[in-house]
Amino acid sequence: MEDTEIVDLFIKRDETAIKETSNKYGKKLKSISYHLTGSIESSEECENDTYMKAWDSIPPEEPREYLFPFLGRIIRNLTIDLIRKENSKKRSHTYTELTDELSECLSGKENVENEIIATELSKVINSFLEDLSNEQRNIFMRRYYFFDSILEISKEFNISESKIKTTLFRLRERLKTMLSKEGYVL
Amino acid sequence: MKSDDLLKAIGDADKKYVEEADKFSSDVTDIEKLKETKENTVPEAQKKHNKNITKFSQVYRAILSLAAAIVLIFIFVSALNIYKKNNTKNDVAATSSSDTSGDTVAGKDTQNELALLTEDSSSENNDSQNDIADTDSYDTTSSYEENDSFDTASSADSDNSSDTGSSASENIDDTSNNGSDSLSSTKISSDTNFVTAKGDGYSFSVEVPDGFTWYSFLGKSTSGDSAEDFLPNDPCIVIHPAPTEENDSYMLNGNVIIIYFPESFGVSGTGLSEKTVTFGKNKGIMGTFKDTPQAFDYITFMDDIDGIVVLNRSDWYSTYEKEMDEMFSSIKLQKK
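From first to last, the protein sequence lines stand for chains A and B. Numbered continuously in the numbering used here, the first sequence closes out at residue 186. Numbered continuously in the numbering used here, the second sequence closes out at residue 336.
Because the hints were derived from the structure by calculation, they are not lab data. Heads up, the beta-carbon is just placed ideally off N, CA and C, and yes, glycines get one too. Keep in mind that the hints are not guaranteed to be accurate.
Restraint ranges, calculated between C-beta atoms of paired labels, are given here [as the list claims (entries may be wrong)]: (1) S103(A) to E20(B): 25 to 31 Å; (2) F56(B) to N158(A): 29 to 35 Å; (3) R13(A) to E19(B): 44 to 50 Å; (4) A69(B) to S103(A): 23 to 29 Å; (5) Q136(A) to A69(B): 55 to 61 Å; (6) S103(A) to S65(B): 27 to 33 Å.
With a Cα cut of at most 30 Å, we get these calculated DSSO-like pairs of lysine-lysine [unchecked claim]: (7) K181(A) to K155(A); (8) K53(A) to K19(A); (9) K176(A) to K8(B); (10) K165(A) to K176(A); (11) K198(B) to K24(A); (12) K23(B) to K85(B); (13) K15(B) to K163(A); (14) K176(A) to K85(A); (15) K19(A) to K23(B); (16) K198(B) to K28(A); (17) K23(B) to K123(A); (18) K181(A) to K27(A); (19) K85(A) to K28(A); (20) K23(B) to K163(A); (21) K176(A) to K16(B); (22) K15(B) to K181(A); (23) K28(A) to K84(B); (24) K23(B) to K165(A); (25) K163(A) to K8(B); (26) K281(B) to K335(B); (27) K198(B) to K336(B); (28) K198(B) to K85(B).
With the hints as extra help, turn the sequences into a complete structure.
As structure tokens, this is what we get:
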């Protein structure tokens with residue numbers, strides 16, 4: 001079923017919308033969550049919550065052209081929020097690894113202002129992604145959007161793990177520079 | 001701003017970037033498969049570590065195997081040596097237990113030899129040793145030594161009857177036959193015929209000519225057996241020609257030449273005539289009693305082999321004089 005038809009079902013408040021969404025994107029969504037939590041139960045919980053949130057969001061949202069990115073953002077946020085709620089000891093290795101990597105792009109200081117302007121980050125991120133080559137961008141996205149491991153990315157792009165690591169390191173440096181220019185990093 | 005805020009913000013990436021990256025999604029989207037993949041994914045460091053452990057384990061096992069093999073070989077060799085020693089001890093013990101003379105005896109070959117010496121005369125076959133085992137009263141202790149490296153002795157009991165004496169004679173001849181053939185070849189397996197006798201603080205040796213049979217005795221046994229009356233009390237070497245017929249009985253009849261080193265040697269001067277004789281470097285005095293059937297009765301040597309005595313109880317010396325004289329020239333004495 002096409003995304004537009006699924007979105008229409010949501011708009012019509014047809015509960016089959018959830019079933020169709022699950023059939024089409026269920027595995028991918030669960031995979032994103034699982035990468036971060038390392039738990040099947042948690043990822044299934046996040047998946048169901050994603051459908052519920054999509055049910056609540058559509059309408060007024062009508063993501064006919066970007067249903068998967070729309071759902072992906074929801075499950076990412078739900079998963080991150082879920083992990084945040086949990087004790088730090090229960091946090092998955094992947095999550096810790098990813099946040100550690102991204103912390104390189106930020107300063108150690110936190111302030112309210114930064115919290116407020118965090119919502120504006122998407123613009124900066126998109127700007128950053130736009131400047132990257134296709135390969136760089138896809139590698140970055142596979143790592144920090146889909147939460148793939150270095151090994152998985154290496155296989156997906158048929159590139160050595162060390163090169164993936166080097167590429168990601170350089171991309172983080174570029175992101176840090178950009179965030180710094182935009183005032184996100186003091 | 002926290003790093004997870006940034007992580008979250010990346011989720012707001014433009015849909016085109018998400019869809020573009022989604023095309024690179026690996027085949028593993030099934031969580032069960034993903035979990036399996038994760039579990040099977042071993043970090044490189046862990047792989048290297050495992051590899052190192054495997055290598056170390058292989059080397060360690062190889063070293064252990066080698067060490068175990070060495071230890072096993074060592075144990076085997078040790079066990080073999082102990083077994084050999086025990087066997088030797090058992091032989092000596094068996095010999096000693098049958099020795100009634102109190103003389104020191106050892107050795108398998110002499111045991112066989114004396115078994116033949118004391119064998120019942122009725123048995124003219126080669127089963128003499130079994131027959132001797134059944135006899136009790138004939139105690140003979142003897143030993144012979146060959147080149148100082150082959151110390152053997154034995155004793156055996158046999159019937160003390162007169163029949164036994166004559167039969168023993170036959171068996172002695174058998175022994176002598178064997179002595180010149182198998183026995184001698186057993187005793188003198190090498191190309192030398194040097195025979196050594198040892199006493200307290202001395203040893204003497206002689207080169208026995210081919211064609212003669214020799215015995216090295218520690219001394220006469222204490223049983224008082226008449227069959228060995230001719231033997232002196234001291235260690236001695238007894239020589240006689242190798243028997244050529246089954247009925248030859250050099251040994252039992254005392255038809256032998258004896259070489260020994262007595263503590264003291266004295267003879268009655270009645271009817272005695274002496275003359276100086278020289279055999280090679282060995283110089284001595286040959287004594288002959290009047291009316292004696294032998295060519296001479298004794299020789300007492302001097303100088304280098306001072307104290308060595310040859311007793312002639314043979315009737316064959318004249319026949320083999322040349323060989324015997326050569327033999328006398330080969331006598332050597334060593335005092336410790």
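Inset, instruction - Against the structure, test the hints numbered earlier, and report the numbers of the ones violated in rising order. - result: Of the numbered hints, 3, 4, 6, 7, 11, 12, 16, 18, 23 do not hold.
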